[in-house]
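Listed below, chain by chain, are the residues.
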Amino acid sequence: MANPSAPPATVSIRPLSPYFFILPAVAIMVAGLVYPVLQAFYLSLFDWKIGTRFEDAPFVGTRHFVRMLTDDNVHESIWVTLRFGFWTITIEMFLGVSLALLLEKPIRGASVFRTIFILPLMISPVVVGLIWRYLFDARIGWINYYLGMVGIEPQVWLGDPELAFFAIVFTDIWQWTPFIFIIVIAGLQALPSEILEASRIDGANWWQHILFVKLPMIRSILLIALLLRLIDVFRALEVMYILTGGGPGRATELLSLHIYNRAFETQQLGYASAISVLLILIVFGLSFAILVAGNPMKEKSDI
Amino acid sequence: MSGVKLSGVMKSFGETTVIPMMDLQFDEGEFVVIVGPSGCGKSTTLRMIAGLEPVSAGQIFIGGNDVTWAPPKERDIAMVFQSYALYPHMDVSGNMSFALRLAGRPRDEVKQRVRLAAEMLELTEYLDRRPRDLSGGQRQRVAMGRAIVRDAYCFLFDEPLSNLDAKLRSTMRTELAILHKRLKRTMIYVTHDQIEAMTMADRIVIMDRGIIQQVGTPRDVYNTPVNRFVAGFIGSPSMNFLKAQLTGSDGLRVRGKGFDIPLNPRLSKAATDHSARDVVIGLRPEHFSVEGAGGTRSSLFAPIDLTVEVAEYIGSSQFLAARIDDQPVTASIEVGPDSAPLESGEYLFDTNRMYLFDRKSGMAIA
Amino acid sequence: MRFLDWKNRLAAVTMGAALAIAGPLMANPYEKYAGTTLVISWPALAHFTAAEELLEEFTEETGIEVEVDALQYLKLRDRQLLEMSKEEGEYDIVSWVVMWKGEYVAKGLLTPLSQFFTNGALVDPEFDIDDIADAYLQNGGIVGGGKGYLPGKSGALYGLPFGAETSILAYRKDIFEEQGLAVPTTYDELAGVMTQLGEAGIPAMTSRGKTGHQVTAGWLLHLAPMGGKIFDDQWNPVINSPEAVKAAEFMRHVVQTGPTGIETFGFGEASAAFLQGDAALYLDTLKIAAMSRNPNLSTVDGNVGFALHPTDVRCGSETGGFAIGIPANSQNQEAAFLLIQYLTNKAGDQRMVELGGDPIRHSTIQNNADLFPEYPVVAEQLPCADPDWRPLIPEWNELNIDVLGQALTKVITTDDPIQPIMDEANEKARAIMEREGYYKWAEYRQGS
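Residue numbers (the numbering used here), protein chains in the order written: chain A, 1 to 303; chain B, 1001 to 1366; chain C, 2001 to 2448.
These aren't lab readings, by the way, just hints derived from the structure by calculation.
Check each hint, because a few of them may be wrong.
As a list, the in silico DSBU-like pairs of lysine-lysine whose alpha-carbon atoms are at most 35 Å apart [stated by the list, open to error]: (1) C:K2229 / C:K2107; (2) C:K2229 / A:K49; (3) A:K49 / C:K2107; (4) A:K49 / C:K2428.
Full structure from sequences and hints, please.
Encoded structure:
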């Protein structure tokens, strides 16, 4: 400023200035996201028991990780999580997208129905767990009550490995299909009407219309929904904790619940931290794969 | 096969009637432009022809078939939209071939037709690009290519050029006209821009408030507008209207504030048959002149005093924002590129080019 | 009786106050601590809620203030561990599930009670510790003796039972009468009754059965009477012994003949099934008696009979519930001891019965035998209560939940042969013990 004949002084800073502006955001990210992850990793190197001083906890190095790699319980838990994710996400995506396509048109009463339909999403997961625990209850649950009315023997929904798995999948679908539904319906309603008309003129029948025009155009939204659900599957805890506690056996013990049980039921904090590091890696890997397969941000200028 | 026909068509949205009643015939191979201000019902008319909007009453025929209740794909039509409406997830050839692929045409034929259309529109090198990688004009051409590939019986255009800049728009107008000559298909083109209408149309349909005001060739609607609306809508810059009284008995004159002009024999005769004395005269800006430059002081050219407020230099002519007494008028006068800015004074008007309208009904007196 | 008691106490308080004013001539063991505030951490359970009135009486009598931090019992441990591992803790008294005592002592969090019992100024000569049910005292309070958690010459007392319990059999008198059944005294008879009820289409015995510590608790109830143990004397797991397998078989039988859904029952659900009339038998804590009289919980009041925990090769009922002690980092240990003594002495125990809590003293149970129908049964049951009903070592948690909790779920939810399931569990248990260093001495000796 003082010397107007020498302006390039500011120019040399310019390549760095974007980084300067994102610094606060990065700082918050590091403090809020990266630090806890590193802390978990650090904790996983020790055999710490609650109630003792952390300074006294023995350093065990990678022993927890070695144990984890050969721990059948961890493997089983990952397998349960993957199966759970496959069934819930597949069915939720199918149902959510179908319902969004059905309820997209402004027919009379659609808004009422839409509101009712997203109710499960507004209920706290703990309450969802309790509701379904009582619905599925073998002795006093409504489900067995109504099955009894049509002559079906009472089932021990939460006490049989297959039925319990079905129950948590069913509950998750009940709770999360509305999430897909509202995301997709928002996407569908944002589609430009002329393109949809163009496809009618081009001669697409309704399923071609949906399959070749509508769904490809909301592809980025579907991908984001998929990503969020996938991450959620690995985070899901409350509902299964209340519904089955992971049982019977480990039939419904998702990885996150496995970590919880390791940390708080059997008090192996270090080992639980090691498994949660694994969880983070798995979620990171899956998210990365999805983003590589089709970066939703890349195509935001499409519509 | 007999073009496109609308017979007794009515359209209302709920309580609001958009098109009270419409009969319209488009001949086969004709290029018709429907023009009118926004909200006049021209787009609705086009959408009813396309089948995107159901009619409330009446019938629609395309190529002799009653398609009133047929879905769009059974109407043998192609349509170009204002926003181009390209499929963002398909490349150019995918966009152009979509209809053919849906119809299950053989792959070779699809390829061939896309190639031909692309050549016609100079899109060959862009065939594997996505719409987002194209410029506005290129997207517009793809939208047209998509219609051309269909080889439909009837092409519908819904303000296809309004998103382009002025230069591109005029280029595309020409291309469209050439295209029509080549394809020889019925084309129905909706626009609010009368220049597009005048330059491209075989016939123009002028609509206002859901009602057809006049149907005719560009020449017809320019020269003999049936009412004040058409007269004001067609022509650029638009016609000046001045309130006037018919005076005299033999050899009528129109007199108003700041002018007193004799009618030519044709108008004089027509006005004699007309009962009302309160009229509006219509003077097109381009029919003003100055003595020596296109105008001569004679019985045909009536002198009018113009108070010039601004004289805009636009090359060989000058555009005047002026007043006759206290009424604003515009005039476009050819004086050659080297003349000095025009000033207030006496100008001439060709009385043969004057229009006369009934003040109450707005209908032309002719 | 209650009136008299109240009157006596009032007289004592008045006298005490008068004497305090009169001068230091008459000794008052509480005087020195008047004005102190004690903080108690205990669970929000019926026994402890009832005890709050007794705390008020304590404050009135002694001038020592008391604050209660009542938590849901599953949350209690984390909170207590956190508080007790500080330099100076908030808590002056903590109440623990008997399971946790070993861990608390091993981590040096509790203070031994011997230092107070040797202090003549504090200890009430009429306290009579021998009157407290032996199994309760051993199970809840003693750490360091045999196996580390049982009495013995190396052991010491860290807590007194408070809210402790044993198991008895509850049955539906109406159903037994209707079906012409005799109340079972042995496991063979019990199994027979269950089969008979099952054949009659009546859900027989309810039980905890949910994966984890719940199903293990259900199984442990049968293990002791059948002569089984978790470990032999060298810490070798013996959960695949014939006795353990027999208990597991019995557990399977319970699930097959019992109410629907035992596989999902925790303590609450198992109790509810009996209280709401969906099971004819209940074999678990004596607390079922009080619950069956609570109209909010029970629809079977008046139809419930009580009997001893059936025997097989021996008699052995559970010992569990809570004990109460003083954190090592408490700043008011002596006053805390006075309160613990107040709650557990004969008068305090009697007051607890009057307030709806559970007694811990033989004398209290005998004195109130006419009050509740289960008391005579409990009095007879207590000598059988087995303080070694389950191992109270830190590793028990993992064994309980991860090993036994999983294996027994497999037992009750499948028809697979039981022996291999228990063999596998035994191997896992051994691996855990190995990992935690229990066999180092044996290996060392073998090596040398």
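Consistency of the hints with the structure:
no. : hint              : result
1   : C:K2229 / C:K2107 : holds (26 Å)
2   : C:K2229 / A:K49   : holds (27 Å)
3   : A:K49 / C:K2107   : holds (10 Å)
4   : A:K49 / C:K2428   : holds (21 Å)
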